[in-house]
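Using the hints, position chain B against chain A.
2 protein chains.
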Amino acid sequence: MTNKVITISRQFGSGGRTIGKEVAKRLGIPYYDKELVDRVAKESGFSHEFIEEIGEYASVTSSFLFNIAVSSHPMGLIDTMSVSDKLYVCQTNVIRDLANQGPCVIVGRCADYILRGRPDVLDIFIHADYEHRAARVLERYGETNQPLKRRLQEKDSKRKVYYKHYTNQNWGEAQNYHLCLNSGLIGVDKCVDIICDIAEMP
Amino acid sequence: MTNKVITISRQFGSGGRTIGKEVAKRLGIPYYDKELVDRVAKESGFSHEFIEEIGEYASVTSSFLFNIAVSSHPMGLIDTMSVSDKLYVCQTNVIRDLANQGPCVIVGRCADYILRGRPDVLDIFIHADYEHRAARVLERYGETNQPLKRRLQEKDSKRKVYYKHYTNQNWGEAQNYHLCLNSGLIGVDKCVDIICDIAEMP
Chain A
3 MTNKVITISR QFGSGGRTIG KEVAKRLGIP YYDKELVDRV AKESGFSHEF
53 IEEIGEYASV TSSFLFNIAV SSHPMGLIDT MSVSDKLYVC QTNVIRDLAN
103 QGPCVIVGRC ADYILRGRPD VLDIFIHADY EHRAARVLER YGETNQPLKR
153 RLQEKDSKRK VYYKHYTNQN WGEAQNYHLC LNSGLIGVDK CVDIICDIAE
203 MP
Chain B
3 MTNKVITISR QFGSGGRTIG KEVAKRLGIP YYDKELVDRV AKESGFSHEF
53 IEEIGEYASV TSSFLFNIAV SSHPMGLIDT MSVSDKLYVC QTNVIRDLAN
103 QGPCVIVGRC ADYILRGRPD VLDIFIHADY EHRAARVLER YGETNQPLKR
153 RLQEKDSKRK VYYKHYTNQN WGEAQNYHLC LNSGLIGVDK CVDIICDIAE
203 MP
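Respectively, the protein sequence lines represent chains A and B.
For the first sequence, our numbering assigns the number 3 to the initial residue and increments by one for each residue that follows.
For the second sequence, our numbering assigns the number 3 to the initial residue and increments by one for each residue that follows.
If you are wondering where the hints come from, they were derived from the structure by calculation, not from laboratory data.
Heads up, none of these hints are tricks.
Partial chain A-side listing against chain B, Cβ under 10 Å, derived:
| # | residue |
| --- | --- |
| 1 | 13 |
| 2 | 124 |
| 3 | 129 |
| 4 | 177 |
| 5 | 178 |
| 6 | 182 |
| 7 | 183 |
| 8 | 184 |
| 9 | 186 |
| 10 | 189 |
| 11 | 192 |
| 12 | 195 |
| 13 | 196 |
| 14 | 199 |
| 15 | 200 |
| 16 | 203 |
Result set (DSSO-like, lysine-lysine): computed pairs, CA atoms no more than 27 Å apart in a straight line:
| # | chain 1 | residue 1 | chain 2 | residue 2 |
| --- | --- | --- | --- | --- |
| 17 | A | 166 | A | 151 |
| 18 | A | 166 | B | 157 |
| 19 | A | 160 | B | 166 |
| 20 | B | 166 | A | 166 |
| 21 | A | 166 | B | 162 |
| 22 | A | 162 | B | 160 |
| 23 | B | 192 | A | 27 |
| 24 | A | 192 | B | 27 |
| 25 | B | 162 | A | 160 |
| 26 | B | 23 | A | 192 |
Derived contacts from chain A toward chain B, CB cut-off under 7 Å, selection only:
| # | residue |
| --- | --- |
| 27 | 127 |
| 28 | 180 |
| 29 | 187 |
Virtual Cβ for every residue (Gly too), placed ideally from N, Cα, C.
With the rest of the complex left out, here is chain A (with noise of 0.2 Å):
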């Protein structure tokens, strides 16, 4: 396999980031998730936990976070640029120096944008019924007091809506990658074994 970058967009509760993990264990090279984000808060200086409820999520930051991230920003109110589009930034920059340091998988983050052009890169999303994803969600995370129905759609709309700010593409439409999966139906074993297929090709 020569220097293949996976990117894997994905619903909410389609099981993305189980299948990218699998993928980046099966290929034996680094998945990226936690690590991206330790990487961008040390760049950035925001928390963690403030990458990652923005980092993918909004295009507008919301006044009580942007208080709480600015006062908390070693740069302060001195750059004009808004909280999201700083983070938006950073990230590509993690995201660019992630992809040349070899062979990876990278979860989200608008990565299959950032490093569009690049020959190397294979950009999935992986998606799913209503009811698989609901069941999905319910194992992994628990009932909250929203329900289910409207978490599934409030977390892909918020997705949806920051891909679209950043890369004036529309998230989920198949032209902006190069394989779409439905997990529920072809199941998470089987959308690995594509994927590293297609990643193996020579």
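Relative to chain A, chain B alone:
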């Protein structure tokens, strides 16, 4: 394989038709394209040319085609339904009939939407980047007076409008299909392998 019906939607020049034919051959099941047009022609009274021109490309029929179609249509002007709508209704009935006959491959014509909700249907979307599609169209259909880029855009745009009009869904949106493949990167043969592999899952 349990009674599996495979629908293939595709960008113009992506090789979707070739992939559909090969999948049908490999699985030993019928491939409906010309035969579907024959059946629709027989049941609607419209000509083959008209069905091929309008059957998946336009939601609003031009007055010129409308006049030709109506003048040769056995029902004349009695019915107030538009020509495009009549054709869609007829195609819907034929597609449902064919799917009820057993496993098969059906290309285009909103078959994914028409057969939605059936547990035995596998919906595929084939696309590719501009360079691959342009090369394929040039090789298959040769040059015309219209620039290649314009031909590709126009054909896809018409399919998109037609699909949106009759399904209220977005053509090429990953979540409407079980599997979306970039045939340019993955290659036609590998696409066939992957589709057959999934179709043959228990």
